[in-house]
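Asker: Residue numbers (this note's numbering), protein chains in the order written: chain L, 273 to 736; chain G, 620 to 850.
No lab work stands behind these hints, which were simulated from the structure alone.
All C-beta atoms, glycine included, are put in the ideal place defined by N, C-alpha and C.
Just to be clear, a hint being listed does not mean it is correct.
As the list claims (entries may be wrong) - Label pairs and their in silico Cβ distance ranges: (1) G/820 x L/570: 54 to 60 Å; (2) G/646 x L/668: 45 to 51 Å; (3) G/668 x L/633: 42 to 48 Å; (4) G/708 x L/703: 54 to 60 Å; (5) L/727 x G/704: 47 to 53 Å; (6) G/679 x L/547: 29 to 35 Å; (7) L/699 x G/834: 43 to 49 Å; (8) L/542 x G/653: 45 to 51 Å; (9) G/679 x L/564: 50 to 56 Å; (10) L/536 x G/653: 56 to 62 Å; (11) G/679 x L/715: 37 to 43 Å; (12) G/820 x L/547: 37 to 43 Å.
Said to hold, decoys possible - Just a sample of chain L residues kept apart from chain G, beta carbon distances all over 10 Å, derived: (13) 378; (14) 477; (15) 486; (16) 525; (17) 657; (18) 677.
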Amino acid sequence: MADEAHASAGRYATSGPTQPPGSAAGPESAGPESARPDWLGRLGARLRPGQPSDGPLRRLADDRVLGGVAAGIARRTGLDVSLVRAALVVLALVSYGYGAAAYVVAWLLIPAQDADTNIATRSLADKRGIGLVAALTSVLVVGLIVASALDATWIVSLGAPLIVCADGLALISRNADAAERQHVREFADPSGRAGSGRRSRRLLRIVVAVLLLLGGGWALVGHAEKNSALLRPLGGIVLLVGGMAIAFGPWWLRVARDLVEERQARIRAEERADIAARVHDSVLQTLALIQRRAGDPHQVTRLARAQERELRAWLFDGRAPGSLDGQAATVADGVRLIQQEVEAQHGISVEAVTVGDCPLDEELTALLAAGREATVNAAKWSGADVVSVFAEVEPGSVSLYVRDRGRGFDPDAVPDDRKGLAESVRGRVTRRGGSVTIRSTPGEGTEVSLAMPRSAAESSARRS
Amino acid sequence: MTAHGAAAAPPAAGSGRPRVFIVDDHSMFRAGVRSELSGDVEIVGEAADVAAAVSEISRSLPDVVLLDVHLPGGGGQDVVAAVKAGHPDVKFLALSASDAPEDVIAVIRAGARGYVTKTISGTELVDAVRRVAAGDAVFSPRLAGFVLDAFASGMTAELDRPSFDPELDQLTAREREVLRLIARGYTYREVGRELFISVKTVESHVSSVLRKLQLSSRHQLTRWAAERRLT
Numbered sequence: 273m274a275d276e277a278h279a280s281a282g283r284y285a286t287s288g289p290t291q292p293p294g295s296a297a298g299p300e301s302a303g304p305e306s307a308r309p310d311w312l313g314r315l316g317a318r319l320r321p322g323q324p325s326d327g328p329l330r331r332l333a334d335d336r337v338l339g340g341v342a343a344g345i346a347r348r349t350g351l352d353v354s355l356v357r358a359a360l361v362v363l364a365l366v367s368y369g370y371g372a373a374a375y376v377v378a379w380l381l382i383p384a385q386d387a388d389t390n391i392a393t394r395s396l397a398d399k400r401g402i403g404l405v406a407a408l409t410s411v412l413v414v415g416l417i418v419a420s421a422l423d424a425t426w427i428v429s430l431g432a433p434l435i436v437c438a439d440g441l442a443l444i445s446r447n448a449d450a451a452e453r454q455h456v457r458e459f460a461d462p463s464g465r466a467g468s469g470r471r472s473r474r475l476l477r478i479v480v481a482v483l484l485l486l487g488g489g490w491a492l493v494g495h496a497e498k499n500s501a502l503l504r505p506l507g508g509i510v511l512l513v514g515g516m517a518i519a520f521g522p523w524w525l526r527v528a529r530d531l532v533e534e535r536q537a538r539i540r541a542e543e544r545a546d547i548a549a550r551v552h553d554s555v556l557q558t559l560a561l562i563q564r565r566a567g568d569p570h571q572v573t574r575l576a577r578a579q580e581r582e583l584r585a586w587l588f589d590g591r592a593p594g595s596l597d598g599q600a601a602t603v604a605d606g607v608r609l610i611q612q613e614v615e616a617q618h619g620i621s622v623e624a625v626t627v628g629d630c631p632l633d634e635e636l637t638a639l640l641a642a643g644r645e646a647t648v649n650a651a652k653w654s655g656a657d658v659v660s661v662f663a664e665v666e667p668g669s670v671s672l673y674v675r676d677r678g679r680g681f682d683p684d685a686v687p688d689d690r691k692g693l694a695e696s697v698r699g700r701v702t703r704r705g706g707s708v709t710i711r712s713t714p715g716e717g718t719e720v721s722l723a724m725p726r727s728a729a730e731s732s733a734r735r736s
Numbered sequence: 620m621t622a623h624g625a626a627a628a629p630p631a632a633g634s635g636r637p638r639v640f641i642v643d644d645h646s647m648f649r650a651g652v653r654s655e656l657s658g659d660v661e662i663v664g665e666a667a668d669v670a671a672a673v674s675e676i677s678r679s680l681p682d683v684v685l686l687d688v689h690l691p692g693g694g695g696q697d698v699v700a701a702v703k704a705g706h707p708d709v710k711f712l713a714l715s716a717s718d719a720p721e722d723v724i725a726v727i728r729a730g731a732r733g734y735v736t737k738t739i740s741g742t743e744l745v746d747a748v749r750r751v752a753a754g755d756a757v758f759s760p761r762l763a764g765f766v767l768d769a770f771a772s773g774m775t776a777e778l779d780r781p782s783f784d785p786e787l788d789q790l791t792a793r794e795r796e797v798l799r800l801i802a803r804g805y806t807y808r809e810v811g812r813e814l815f816i817s818v819k820t821v822e823s824h825v826s827s828v829l830r831k832l833q834l835s836s837r838h839q840l841t842r843w844a845a846e847r848r849l850t
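Given only the sequences and the hints, what does the whole structure look like? Please build it.
Answerer: Here it is, written out as structure tokens:
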């Protein structure tokens with residue numbers, strides 16, 4: 273680490289003169305320093321190789337060990353970066369960890385060199401990250417309570433900075449930019465990357481874990497009060513688990529990550545299947561229709577336009593084909609949509625007739641949704657080739673009739689699953705003040721009549 | 620019924636097999652219709668565009684012409700107008716996939732006795748042909764919807780006009796009811812049962828609507844078509 277810091281200090285020194293703000297004052301400030309004793313000047317030059325810059329404090333990505341805070345401070349003050357780092361480490365040690373917490377907070381609050389916002393601002397929008405922080409905090413608090421029950425005061429005294437550091441790092445690991453996240457990952461889990469230093473790093477980690485175990489055990493045994501004697505075995509277990517977490521943690525993390533990646537791959541595969549199904553239902557069906565009606569430019573244009581609209585709505589507005597809301601602006605649009613959809617999905621023809629038209633509101637959307645349900649129902653169960661849908665917009669109300677000439681049913685003896693569907697049609701409309709009548713005769717077909725009163729504001733508007 | 624009998628069948632409507640002429644620019648579709656109708660009607664010819672249709676129909680003089688609304692070289696209404704000028708007895712039934720309402724109304728106003736969509740089943744089509752041959756009107760659900768729409772829209776604007784003829788420019792409540800049921804997919808027989816009237820009465824209502832549609836000088840009908848074309 274010392275070597276690395278040294279090397280980076282050298283790199284930093286060479287990049288120093290290229291900074292515009294400080295370098296202008298260079299020759300004058302060099303004057304008084306040259307008057308000092310030689311060794312002092314050399315030491316000064318060693319400790320402060322660059323000039324302080326006037327720019328805002330930024331974390332430097334190109335010269336970082338962790339977050340680049342030390343490098344940023346060094347650039348801002350002109351001090352040697354190794355000196356700043358040493359000072360930060362000392363500060364962290366003498367302040368019982370508060371220095372480390374301060375570093376993490378600085379990491380969060382100081383924007384990276386080329387970024388407009390700091391990580392903290394971005395974290396505010398990261399709901400899952402905030403949830404993670406809450407969970408992490410509660411786990412750590414429980415751990416600290418256990419520790420205080422065991423009278424392990426040195427752990428408790430580290431509690432606050434520990435929580436700040438853990439939470440801060442969790443947010444950083446989620447909300448920093450990609451390059452920085454990669455850097456943090458490699459720093460935290462070098463074994464995740466195939467390389468020559470892998471074995472030695474793992475060894476180092478195990479040594480640290482063993483030392484922590486021994487040290488923790490010694491601290492516990494040495495400082496515990498008598499009344500907590502019974503809890504000592506428990507404390508041992510806690511320490512053992514902690515040691516194992518450090519020793520095997522990265523491996524567990526990797527396994528967990530593999531699992532997550534596998535699940536993501538499965539989700540992607542399902543999404544692809546879903547997309548394929550939707551493309552089949554919409555685009556391919558439309559292309560087939562266009563081929564069949566190639567001689568009718570009117571039809572082809574209409575089909576192509578409808579398909580384009582649907583595809584755009586799906587790709588750019590996230591509305592799945594088949595959802596009525598938002599896609600259709602008027603009753604006639606909605607009926608046309610039901611027709612296209614049911615024809616495409618159920619291979620029957622839908623004879624749709626609309627008289628008059630008006631914009632859709634919530635009630636009418638519900639009416640159409642119920643009508644769609646009834647149409648699908650007829651397509652599925654009636655056995656008829658044609659389903660007739662008739663919508664009429666009148667000044668006071670909108671009526672919708674769905675009729676098939678299929679096998680029909682005895683309304684008193686319907687199977688439960690069909691009764692449920694009828695209820696869903698009925699419930700949707702009656703909840704909003706509409707009415708539903710279902711007439712069916714076995715052998716002759718079924719007609720579902722739906723009606724919805726129009727709201728006053730709607731009906732006063734001119735029929736379009 | 621033998622081939623000899625068919626050839627000797629009088630052209631009189633209603634009795635025997637109606638003589639049918641098919642006008643459609645899709646040969647596939649003509650073949651489909653021919654195979655569906657053969658046995659029930661006599662196919663006397665077919666044509667794929669306006670000019671051929673006019674000359675062939677004038678020569679073969681069928682009872683009923685099945686007419687596509689959209690044709691190369693003009694619309695179906697051009698065929699109706701040209702043939703009706705010389706042979707007013709030839710009856711037309713528009714048969715088409717989904718069309719713009721203004722085109723359908725134009726064909727009806729030119730003199731077609733009805734409009735059915737191509738989704739119609741073979742037996743229903745035969746039924747429709749017989750009905751047209753007998754002089755009745757044939758309303759598909761879609762045509763009923765178009766007509767309701769045409770007569771309903773902009774009623775208030777229409778009332779301002781001085782040359783307002785209530786006889787021709789408005790539908791009666793009963794006619795409206797009949798059209799509504801047809802639009803809902805009811806057959807004439809079912810409409811009659813629903814309204815407790817005979818099929819004959821239903822037919823007379825529908826014919827009356829057709830007459831209004833063809834004779835009405837309502838500006839609304841033309842303006843409605845123009846408006847629909849814009850949207």
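Asker: Next step is simple, just say for each hint if it's right about the structure.
Answerer: For each hint, the structure was consulted:
One distance hint, 54 to 60 Å for the beta-carbon pair residue 820 of chain G and residue 570 of chain L, is violated here, with the actual separation near 37 Å. For residue 646 of chain G and residue 668 of chain L, the hinted distance range of 45 to 51 Å is satisfied, since their beta carbons lie about 49 Å from each other. At about 47 Å, the beta-carbon gap between residue 668 of chain G and residue 633 of chain L stays in the expected band of 42 to 48 Å. Distance hint for residue 708 of chain G and residue 703 of chain L: a CB-CB separation of about 57 Å, consistent with the stated range 54 to 60 Å.
Distance hint check: the CB atoms of residue 727 of chain L and residue 704 of chain G are about 52 Å apart, consistent with the given range 47 to 53 Å. Checked against the hint of 29 to 35 Å, the pair residue 679 of chain G and residue 547 of chain L fails, with Cβ atoms roughly 55 Å apart. For the hinted restraint 43 to 49 Å between residue 699 of chain L and residue 834 of chain G, the CB-CB distance of approximately 48 Å keeps it satisfied. At roughly 49 Å, the beta carbons of residue 542 of chain L and residue 653 of chain G sit within the given window of 45 to 51 Å.
Hint check: residue 679 of chain G to residue 564 of chain L, Cβ distance near 30 Å, so the stated range 50 to 56 Å is violated. Separation of residue 536 of chain L from residue 653 of chain G is about 58 Å and conforms to the stated range, judged on CB atoms against 56 to 62 Å. The beta-carbon spacing between residue 679 of chain G and residue 715 of chain L, approximately 42 Å, falls within the hinted interval of 37 to 43 Å. Between residue 820 of chain G and residue 547 of chain L the beta carbon distance is about 55 Å. The supplied range of 37 to 43 Å is therefore violated.
Interface exclusion of residue 378 of chain L from chain G stands, the closest Cβ pair being 63 Å apart, more than 10 Å. Against the 10 Å criterion, residue 477 of chain L stays outside the reach of chain G, whose nearest CB is about 72 Å from its own CB. Chain G leaves residue 486 of chain L outside its interface by the beta-carbon criterion, the shortest separation being 84 Å against a cut-off of 10 Å. Distance to chain G confirms residue 525 of chain L as a non-interface residue, since its nearest Cβ pair spans about 61 Å, more than 10 Å.
Against the 10 Å criterion, residue 657 of chain L falls within the reach of chain G, whose nearest CB is about 7 Å from its own CB. Distance check on residue 677 of chain L: its Cβ comes as close as 7 Å (rounded) to a Cβ of chain G, failing to clear the 10 Å threshold; non-interface status is violated.
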